[in-house]
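Trainee: What follows is each chain in one-letter form.
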Amino acid sequence: MSIATGAIRGLQEVARDPGSWWRRSKGSVELWANLIVLGWALVFMLWRGGGFAITVGSVFAIWAVLAVSLNLVVGYTGLLSVGHIGFFGIGAYAMAVLTSSASYEQLRTEAIPTFGWPFFAALPISVVLAGLVALVVGVAFNRFRDDIYVLVSFGFAVIAFTTFLSWRNLTRGAFGIHQVARPAIGPLVFDGELEFLALLLVFLGLVVLISWLIVTSSFGRVLTAIREDEEAIEVFGYRTTHYKLAIWVISAMMAGLAGALLASWSTFIDPNSFVLLESVLLVSIVILGGLASIWGSLLGALAFVMLEEGMRFVPFLPSEFIGQIRQMILGILLVLLMLFRPQGLVGRFKL
Amino acid sequence: MSTEVDPRVYVLETRDVSKSFGAVKAIDQLSISILREWITCIVGPNGSGKSTLINLLSGLLPLDGGIVVVDNVGLRVVKAHDSPDHGITRTFQEVRLFDQISVWDNIMVVLTERRVFPALLERTKPSHKEEAERILKSVGMWEKRDAMAQDLSYGQRKLLEIGRAMAMDVQIYLFDEPFAGLFPRMLEQVKSILKDMREQQRSIVFVSHNMDIVRELSDHLFVLDSGALLAAGEVEEVLGRSSVIDAYLGN
Chain A
19 MSIATGAIRG LQEVARDPGS WWRRSKGSVE LWANLIVLGW ALVFMLWRGG
69 GFAITVGSVF AIWAVLAVSL NLVVGYTGLL SVGHIGFFGI GAYAMAVLTS
119 SASYEQLRTE AIPTFGWPFF AALPISVVLA GLVALVVGVA FNRFRDDIYV
169 LVSFGFAVIA FTTFLSWRNL TRGAFGIHQV ARPAIGPLVF DGELEFLALL
219 LVFLGLVVLI SWLIVTSSFG RVLTAIREDE EAIEVFGYRT THYKLAIWVI
269 SAMMAGLAGA LLASWSTFID PNSFVLLESV LLVSIVILGG LASIWGSLLG
319 ALAFVMLEEG MRFVPFLPSE FIGQIRQMIL GILLVLLMLF RPQGLVGRFK
369 L
Chain B
14 MSTEVDPRVY VLETRDVSKS FGAVKAIDQL SISILREWIT CIVGPNGSGK
64 STLINLLSGL LPLDGGIVVV DNVGLRVVKA HDSPDHGITR TFQEVRLFDQ
114 ISVWDNIMVV LTERRVFPAL LERTKPSHKE EAERILKSVG MWEKRDAMAQ
164 DLSYGQRKLL EIGRAMAMDV QIYLFDEPFA GLFPRMLEQV KSILKDMREQ
214 QRSIVFVSHN MDIVRELSDH LFVLDSGALL AAGEVEEVLG RSSVIDAYLG
264 N
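Sequence lines, in order, name chains A and B. Position in the first sequence (first residue = 1) + 18 = my numbering. Position in the second sequence (first residue = 1) + 13 = my numbering.
Accuracy of the hints is not assured; some may be wrong.
Among the chain A residues that face chain B by a calculated CB cut under 8 Å, a handful are [claimed, not checked]:
#1 THR132
#2 VAL233
#3 SER235
#4 ARG239
#5 THR242
#6 ALA243
#7 GLU249
#8 ALA250
Far from chain B by the CB rule (all over 12 Å, computed), these chain A residues [stated by the list, open to error]:
#9 ARG34
#10 PRO36
#11 ILE54
#12 LEU206
#13 SER236
#14 GLU338
#15 VAL353
FYI, nobody ran anything at the bench for these hints, they're computed from the structure. Given the structure is predicted, the values throughout are model-derived calculations rather than measurements. Each residue gets a CB set at the ideal place from its N, CA and C atoms; glycine is no exception.
Kindly produce the complete structure, drawing on both the sequences and the hints.
Mentor: Put into structure tokens, the structure is as follows:
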């Protein structure tokens, strides 16, 4: 509402005096953050060509679904969860186990049941399973807040990872699961990378739309009040535990969706994708982009993916160090950000 | 709607209510009765249990013993999220707004749907907007509606918090030190808000240390000392008692 009226007012002013736009915007961190990240991504994609753009776009879409969904919990509701990767993993493993058609007996590794379901049959199961686990975990988590919440969510991420690694009869542990199905609608198989990117972007759009509808609803306003002062909003008749549980489950289902998409996109998963560190990186993306801002999470995810993919092309950088250097740069960025811009690139809320 | 309501109807009672923090008895077997459509004032020295009492009545603290009677129902457990259903709302001694959201949303958030799933589907309704506009104008905060609550001055925050309570449209309003730290102009504003609410058949309980305001506003007075009731009754008479003067000035 206020954004729309503000935009109209701004446009009227620019129409009267075209120079005013530049004078007003040149000091805006928000504008520059947008321009730099989007410009960087665009230039890089034009330089490296279509294949690169498709890969980066797909990785971005998956991280963006994760970041937007986590922002609902961390940014809007103020629950600093570092366990989101667990739901991502549950979605991914549900998809992998249900749709994988590999016959492992011949490979002389551990045998797991083969279901060979199609993608679209396994997708709802992945999402619902992540939601059900979140429901159970959330009921327990509802007693905690603030720093204790970080600790227990940390515990959840560790338990989830250990389960993926150790439940070998189901997940094949460190060997991982191969030949996860690609989506197919009748004769239309999303085999090519471009088709899959399109599908990913459709799901990303859906997640962004649902998240936007949630945060602009009456429910979303209550979430921000819970973030600001949970006890105070409770006195006004809100059962805050129900609200926290609801957004926790919704967010976990979106993470489950992202996991299912990842499993199908890469057609192979192992527990390494779901280590605690990835979860911390995810929280960093959300804070970097801006808490309580959907656009901020999209921007944060894009910046993160460009940081990773972009560094592959730095000539003097040995490729095996890219992962570590990416994390170092992200760490330095976070420290700088907390010092000079605690609300993130485009956020409004300070942690 | 009957216009003639017997003024001697109790809207809120406590019976032998107790609350301890460790070895300290903050409220000790306290029994008081709040009258309908009156302005009731609670005074007492620091640490006499005034804020604790309001926290107990609004469910922010659990009762150790005794019952709270609202709507002729005795409650051993008062839940915070049930307090609007009991017809109770409140303000806080230390102003507690939702700091990093707008003034507008601070009011809107108490007007909208309570149940989770309907709230998910509810968009802002015109009736909510009208009500929020009315409230913000009545506390003089309409011009500030787009500001973040944390950017307001102390007095404005105090007024906004009272506005948020007014938006609740309940029977009983518990105001914890609504006059503390206000400039004279805002003091008058809050006074007239309280008087208007009495006109509109609301029951008000407030805590204050300002005896001029207590004399001006109160229909009924309770004096607490060390968590127990020291005196109750008509204002001038109670404030004249030697025991009350002793409690305030010390022996």
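Trainee: Does each hint fit the structure? Answer for all of them.
Mentor: The hints, checked one at a time:
1. THR132: 39 Å, violated
2. VAL233: Cβ of VAL233 of chain A sits 11 Å from chain B, so the hint is violated.
3. SER235: 6 Å, holds
4. ARG239: 5 Å, holds
5. THR242: 5 Å, holds
6. ALA243: 5 Å, holds
7. GLU249: 6 Å, holds
8. ALA250: With Cβ-Cβ at 4 Å, under 8 Å, it holds.
9. ARG34: Check passes; 22 Å lies beyond 12 Å.
10. PRO36: At roughly 26 Å from the nearest Cβ of chain B, PRO36 of chain A sits farther out than 12 Å, so the non-interface label holds.
11. ILE54: 26 Å, holds
12. LEU206: At roughly 33 Å from the nearest Cβ of chain B, LEU206 of chain A sits farther out than 12 Å, so the non-interface label holds.
13. SER236: 4 Å, violated
14. GLU338: 43 Å, holds
15. VAL353: Answer for VAL353 of chain A: holds, closest chain B Cβ roughly 22 Å.
Hints 1, 2, 13 from the list above are not met by this structure, while the remaining hints are.
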